[in-house]
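Visitor: For the protein sequence lines, the chains are A and B, in the order given. For reference, each letter of the first sequence is one residue, going 1 to 321 in the working numbering. For reference, each letter of the second sequence is one residue, going 322 to 664 in the working numbering.
It is possible that some hints are incorrect.
Short derived list, chain A residues pointing at chain B, Cβ under 7 angstroms [to be verified]:
no., residue
1, D109
2, V183
3, A249
4, R256
5, D272
6, F275
Listed next, the stretches of chain A that the computed footprint assigns to chain B, with coverage defined by at least 3 CB atoms under 8 angstroms from CB atoms of chain B [unchecked claim]:
no., segment
7, 78-92
8, 186-196
9, 258-267
10, 309-316
I should point out that these hints are in silico values taken from the structure, not numbers from a laboratory. The structure displayed is predicted, hence computed values, not measured ones. By construction, the Cβ of each residue, glycine as well, lies at the ideal position given by its N, Cα and C atoms.
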Amino acid sequence: MALLEFDDVSVTYRSRGADIPAVRGVTLNVNAGESLGLAGESGCGKTTLTSTVLRMQPKSAKVTGEIRLNGDNILDMTWGQVRALRWAEASVVFQGAMHALNPVQKIGDQLAEPILLHSKVSKKDADRRVGELLEMVGLPARRADAYPHQLSGGQKQRVMIAMALACDPQLIIADEPTTALDVMVQAQVLNVLQGLVKELNVGMVFISHDLSVLSSTCDRIAVMYAGKIVEQGPAADVFDHPQHPYAGALAGAFPRIGDTRYRYSPSGLPGDPPFPGDLPSGCTFHPRCPVAVERCATTEPSLIQHGSHQTACLLVGSEIA
Amino acid sequence: MTTPTDVDVPSVPEGQAAALEARDIAVTFRGRGGGGQARAVDGVDLRLGRGEIVALVGESGCGKTTLARTLLGLERPAEGTVLVDGEPLNYSSRALKAYRRRVQLVLQDPTGALNPRHTVYEAVAEGLRIHGLTDNENDRVAQALSLAGLRPPERFFLRYPHELSGGQRQRVVIAGALVLNPDVIVADEPVSSLDASVRGEILALLLRLRDELGLSLLVVTHDLGLAWNIADRVAVMYLGRIVEQGPTEELLANPKHPYTRALLSVVPEMGRMEQVVLAGEPPDPTRIPAGCRFHPRCPVVASGEAAALGIEEKCKGQSLPLLSPAGAHSAACYLPASAESVS
Ligand SMILES: Nc1ncnc2c1ncn2[C@@H]1O[C@H](COP(=O)(O)OP(=O)(O)OP(=O)(O)O)[C@@H](O)[C@H]1O
Ligand SMILES: Nc1ncnc2c1ncn2[C@@H]1O[C@H](COP(=O)(O)OP(=O)(O)OP(=O)(O)O)[C@@H](O)[C@H]1O
Ligand code: SF4
Ligand code: SF4
Ligand SMILES: [Mg+2]
Ligand SMILES: [Mg+2]
């Protein structure tokens, strides 16, 4: 049994009388001590999918399938049970969360809040724990006395990670934790996250549209397009040898420095991702796919195992490829 | 050096005036919360040749944006001179207005740069109106949009920013710069807020503008991959100074300065290189260390290698001269690898 299992999960938003299928039948597992990278461009459903783990999707959203944490289906739980999971079993570093720190409260007090809420400890023990948490993310314990404006972006992001760790969760969902940070600070934050997975044996879902970041941090990568997983496999394999044309475009977007193929030759993917309320027929990627053939417009590929990867493309593994 | 594509890398002949040049520029700010004076830019020589693409790289807070704004005449240097086609920049308001037509700024966040209540047409035409270029407005806007890759342009005229994707918004911002027929574009982190899939498209556009229109481009970024993608030369900035500069291939294949090496080692695609993650936050421009300004974080000093080489004294106490802004690859460092550039 995996720590976290998404089993055929779909999420449909209801907006202005229309159905918006933001996630369409995703099956994914994350084990303890493992990090899964979730990639894909803006709007492909990354946040929507992971928001179901703590039932944080908006009321307008309809969720089907099963989301199991340690074998228990979250959709069957009462709200009280879901609340008990939060912090203690699973916690989230939200997208852009560092801007959500309370500007007039010391970060130590903000960190102590979930601890005092979830465990019966004295304020003094909570403070000791806050110091430990800060050190875990590479900040001196005395920074507990700082206010958010006294910290840099990278330091604030590390405070958010410390907060996610406050109650020793088994699972951490980090939604774009390093976007907007510069490379050196990003490297510091990535090292902290990697260390947690290996040393504390937590499971992690790491969301990013940057495949190169995921390949250097995660054990496995799943690539989403228009609400579905289109490729998944060991991180280095997916980044170095993507099979799906979309994963290939994402991987190619980041040049290997020193590789002359990328010199004066930036590569991108023309076109825009489809709106989930109005998806193309067949393979949803076909209007942008550089290698599409006629039947791509009519036949929807399913996710099939090819070597170490699972890929959803009509051409992968077939004669034409 | 050969490149796989047949791009003619323009070499700036010695003696020909650069499109834009900084000579020994310093920019200071009054320190925050009563602190001392911040020297955000502390002695920079930088040269952007005609038709050249230069990447200015360095970590957050090192002074990249301040330097770029100074080159645009938006910030007045405390010391030093900005040269435009070899002539000192004239800060009279009339001269500045004409200058800003020729040198355009493209900012990081396309969403923040566009007024949500203005259509694409209005956003692009705004520059024309400010500069009193009222003839053929429609044609000029259409041409700028198609140069920026929004084709057919008429289809975008009446759209609002929220009806566009992030990449399309950035193209509108670029069209707004192109509509004035500039010679130089200064782009501050032009792709860092964009999706990976869009990034290459925008970089390809910048490259095409250079190749087709002969534009000079200064791209400010902390992304060395971007430099490898499009830049002819790279200047690495640390705490207000250029610490290494040179042609892109040489500098990235054979970085001399320990700071550049560290920056390169943490690029995620360089996964197989041994990481040198510098501890701590970028240092404070109100307190620039003596000697080599990088010495408190320099791994060569920390490992004892500098002492073994007998340069530690100099690292900690003797300040380094400015690097010459063009020509051969050079680094401001006492290590033997860079010795010829700082002898
Ligand atoms: N509350 C909502 N009501 C209706 N549609 C929504 C809602 N939230 C998200 N969507 C739509 O669902 C799709 C998936 O959104 P989601 O935020 O999960 O994407 P994402 O992959 O996390 O993107 P990003 O990288 O921009 O964060 C998008 O098309 C979005 O517009
Ligand atoms: N108007 C200002 N007043 C005071 N200090 C300033 C001002 N603008 C910039 N600074 C300081 O000058 C230094 C350089 O800032 P600058 O914005 O040029 O850095 P940058 O390299 O562009 O960073 P980033 O990558 O984060 O954009 C920083 O320490 C910053 O805090
Ligand atoms: S199924 Fe067809 S359109 Fe879809 S990714 Fe494969 S080749 Fe491209
Ligand atoms: S001069 Fe000395 S301290 Fe400065 S970068 Fe070189 S070795 Fe490091
Ligand atoms: Mg999201
Ligand atoms: Mg900046």
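Visitor: Could you run down the list of hints and mark each one as holding or not?
Guide: Hints and how they fare:
1. The interface hint given for A:D109 is violated, since its Cβ lies 22 angstroms from the closest Cβ of chain B, which is over the 7 angstroms cut-off.
2. Interface hint status for A:V183: upheld, as the beta-carbon distance to the closest one in chain B is roughly 5 angstroms, under 7 angstroms.
3. Residue-level restraint check for A:A249 holds (minimum Cβ-Cβ distance to chain B is 6 angstroms; threshold 7 angstroms).
4. For A:R256, the interface hint holds, the least distance from its beta-carbon to any beta-carbon of chain B being 5 angstroms, beneath 7 angstroms.
5. Interface restraint check: A:D272 against chain B, minimum CB-CB distance 5 angstroms, threshold 7 angstroms, status holds.
6. Interface restraint check: A:F275 against chain B, minimum CB-CB distance 10 angstroms, threshold 7 angstroms, status violated.
7. For a cut-off of 8 angstroms, the count of residues in the segment 78-92 of chain A with a CB near a CB of chain B stands at 0, and the three-residue condition is violated.
8. Beta-carbon proximity to chain B at under 8 angstroms applies to 5 residues in the segment 186-196 of chain A; the threshold of 3 is reached and the given coverage holds.
9. Under the rule that three or more residues need a Cβ within less than 8 angstroms of chain B, the assignment of the segment 258-267 of chain A holds, with 9 such residues.
10. Counting residues of the segment 309-316 of chain A whose C-beta sits closer than 8 angstroms to any C-beta of chain B gives 0, which falls short of three, so the coverage hint is violated.
Comparing the model with each earlier hint shows violations of hints 1, 6, 7, 10; every other hint is respected.
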